Every structure is written in structure tokens, then in C-alpha cells.
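Asker: So the chains spell out like this:
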Amino acid sequence: MITHIHRPLRVVLYEGKGAIALSAESRAQVMAALLDKGYAVTRATANDSGAMPHDDRSLLVLGLFTDQKAPALEDSSGKVNIEARDITGLGTVDIVSLVDKTRGTTLMNEPGVWKPWFPVIDYSRCTNCMQCLSFCLFDVYGVSGDGKIQVQNNDNCKTNCPACSRVCPEVAIMFPKYSAGPINGDVVSEADLGREKMKVDITSLLGGDIYARLRDRSLAAKSRFSKERSPDKALEERKKCLAKLAQDGFIPAEVLEALPSPDEVMRKAEQAKARAAAALGVH
Amino acid sequence: MSANAKLLYCRCAYAQVVPQTVKDDVLAKLCESGASFESVADLCEMAAHRDPRLKAFAGNGPLRIAACYPRVVQGLFTQCGAPLLEDAEILNMRAQTAEEVGAAMLRDA
Chain A
6 MITHIHRPLR VVLYEGKGAI ALSAESRAQV MAALLDKGYA VTRATANDSG AMPHDDRSLL
66 VLGLFTDQKA PALEDSSGKV NIEARDITGL GTVDIVSLVD KTRGTTLMNE PGVWKPWFPV
126 IDYSRCTNCM QCLSFCLFDV YGVSGDGKIQ VQNNDNCKTN CPACSRVCPE VAIMFPKYSA
186 GPINGDVVSE ADLGREKMKV DITSLLGGDI YARLRDRSLA AKSRFSKERS PDKALEERKK
246 CLAKLAQDGF IPAEVLEALP SPDEVMRKAE QAKARAAAAL GVH
Chain B
111 MSANAKLLYC RCAYAQVVPQ TVKDDVLAKL CESGASFESV ADLCEMAAHR DPRLKAFAGN
171 GPLRIAACYP RVVQGLFTQC GAPLLEDAEI LNMRAQTAEE VGAAMLRDA
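In order, the protein sequence lines correspond to chains A and B. Take any residue in the first sequence, note its place counting from 1, add 5, and you have its number in our numbering. Take any residue in the second sequence, note its place counting from 1, add 110, and you have its number in our numbering.
Everything labelled a hint here was simulated from the structure, so no lab data went into it. Hints should not be assumed to be uniformly reliable.
Unchecked claim - One-sided and incomplete, this derived list gives chain B residues near chain A with beta-carbon spacing under 8 Å:
#1 Y124
#2 V150
#3 V182
Please read these numbers as outputs of a predicted model, since none were measured by experiment. The beta carbon of each residue, even a glycine, is placed where N, CA and C say it ideally should be.
Chain A extracted, bound-state conformation (with noise of 0.2 Å):
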């Protein structure tokens, strides 16, 4: 499922012809102020080799126009909605409203309000093995036609936590607004390999006393699996992180009822594995 769908509006600083150049510093203040609202914005020079082709909607163009008076602008095609605003005389404070203004009750993802966080695959690294299919009880992943493994559900996904990666025996899964390695992207070593290397068997994993289950299995691997990670940290990550997601209240109570049940995470470890099997061709 993916709920955030409201694309920021694009603004286009123009500064082509029939319009005087801002000062640069009043270009940076007015850029990071728009962007650090999600707003996406364009610096449009003379020099116009370096703009992107707009897409099918709306565009809002501010500009020094040199008569103070913003042109009436419509797209040949007519298939993108142009607003045109003159922004003489303007402080960034006063531009960021004229845009705030302009969008109205259009509705856009913003800053603060949520945070983008879901898993990304390094498929340079992927080997299609499941594991993360397997391991993510709130359905993010899925499976391509073809049999690849991919995030389908990203808004699914549990702010902060970012336990699957922890499974990954490739460490092929990031979490770009992570603040460490390798999970955040930075280059993976041998000694990440190390670490972050288990391989879980999740039916056995979450049946019953899961935590009793899994400190019995690490003791177990332990000597079979030296070089590896122990598989308790990842446990702990997905305690931590339901605890966490609790205690702050990123998720109400509703949302904690509907956890899944030990019954139910037996039956989706099962349809998991179903899919992951058949994904995998083995039957």
C-alpha cells in the first residue's frame, strides 16, 4: 500500500529572459526555505540546459519580471495547469507564503508531518533468497512476475525500525534515512558481511515463546555460525522497535491490537514461505 501519493507542487525559479537575476543569497534562502516545505523547485536560467521537462501538471513560475508583472503562461500541449507570480519587493518569508498561498488546499506530502522510511533493495547485491519476504510480518515485500523479490508496501513499513535489513544474509537491504552503515547505503565491508550475515527460519522463529525459541536456536548456531551475527539481535531489533513504536505513539492502539497474533504470524510465516517457494521455483 503507499498512502502518501500528494507530489509536491513544482515551483520554477525563473531567471531567463524578461526577468532580472536574484542575488544568490536571496536565491539559496528562497530555495531552502521552499524546499525544506517539499516544495520541488527549478532555478531556470538564460543558460536553460540544465532543466528537466515538466510533467503533467501544475507548475508555478516566480520571477523578478522586469515589468513586475507576471505573464499569463499556458502550456501548448494543455495538459500542465501554469501559474505565474511576480515576486519583486518579496523576503523569502513573503515568497514562501505567495507559494503557500498559490498551492491552496492542494494537498502534498510535508516535512515533519511523516517521514519516508521503508526498505530499499541493493539489487547488486540481492540474491533472491526470501528472507525478507519471510521475515516482515506487515507485508512489505512481495514478489514481481518474474519472481524478484520487491518493496510493494513500503508505507507498511514501521517507522525506525529497520529489523529486515538485519536478516538480509547480503546485506542488500537499506534504509536511507538510517543514520549508521551499512544499513543507511555506505559501502558494505567484509566485516558488515560478518555481522549482519544469519539466516533464520522464520516458522520456528516466531511459534510460541519466540524470544525462549530464538536464544535456544543461537545457542545452538553459535559454534556452526561463528563468523555469523547473533540471530538474537534482530529479535531484539523487532522487540525494540514495537516497544519503541509504542511508546512514542507512532502507532496508536488500534494499530498495536492488530499486530499479528502467534496464530497468525504462523499463518503468514506459512503463505511467506508459499510465496517465497514458489517465487523460487521449488516445489
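Once you've looked at the hints, dock chain B against the given chain A.
Answerer: Same frame as chain A, now just chain B:
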């Protein structure tokens, strides 16, 4: 990389993982130049809702991006069905200095 590479700056506005001074200084350098460029609040935010503009960025010729770790940036575009071309250049504001990123972004300007 072509001399006419398009420039894209990511503000990483949705989380404080890129040092503030680095992203401010890189933006200042871009603004001091005469170059046209694109800037977005957050590539992760765009990838989260599969923003079609990512496809426009990826498919619009040579591209130079000031953002985050290259593995992440490549992954975000790939996840949106818009893999970057091999010659796309990614500058990392989490690990490089503003001077390094600015110089690399603007070396043809």
C-alpha cells in the same frame, strides 16, 4: 560524463541525516553559479509514492546528483522502475565535503 549533464540536488528535508552545513553550502554553491538545476525536497519522499518525475530525471540524458550514498540513490530510482543510466554521477553529501560536491557538480559550469 557529458559536459551537458543535468544537475539535481536533493535537500533530504524529511530527515536530518545529511549534515545541514553540507547541504546548505552545496545549495549556496549551485546558487552562486550560473547553472540551471533541479532541486527536490527529498528523493526518498518521491520514491515512496513512485513519483513519475524520477523517470523524467533518469531518462533525460546525463545526470549529476548531489544527494546521499550512491547505493541508496541507485536503489531508489530502480525501485521506482527508473534505473539510472550507468554514467549518472552521484555525489554523496553524507560523506563528502561541500567543496568536493560543489566542485564536482559544477565542473562544467
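Asker: All hints, please: hold or fail.
Answerer: Now for the hints, and whether the structure bears them out:
Hint on Y124 of chain B holds. Least Cβ distance to chain A is approximately 5 Å, under the 8 Å limit. With a least beta-carbon distance of about 5 Å to chain A, the hint placing V150 of chain B at the interface is held under the 8 Å criterion. For V182 of chain B, the shortest C-beta to C-beta distance to chain A is roughly 3 Å, which falls under 8 Å, so the interface hint holds.
In this structure, every one of the numbered hints holds.
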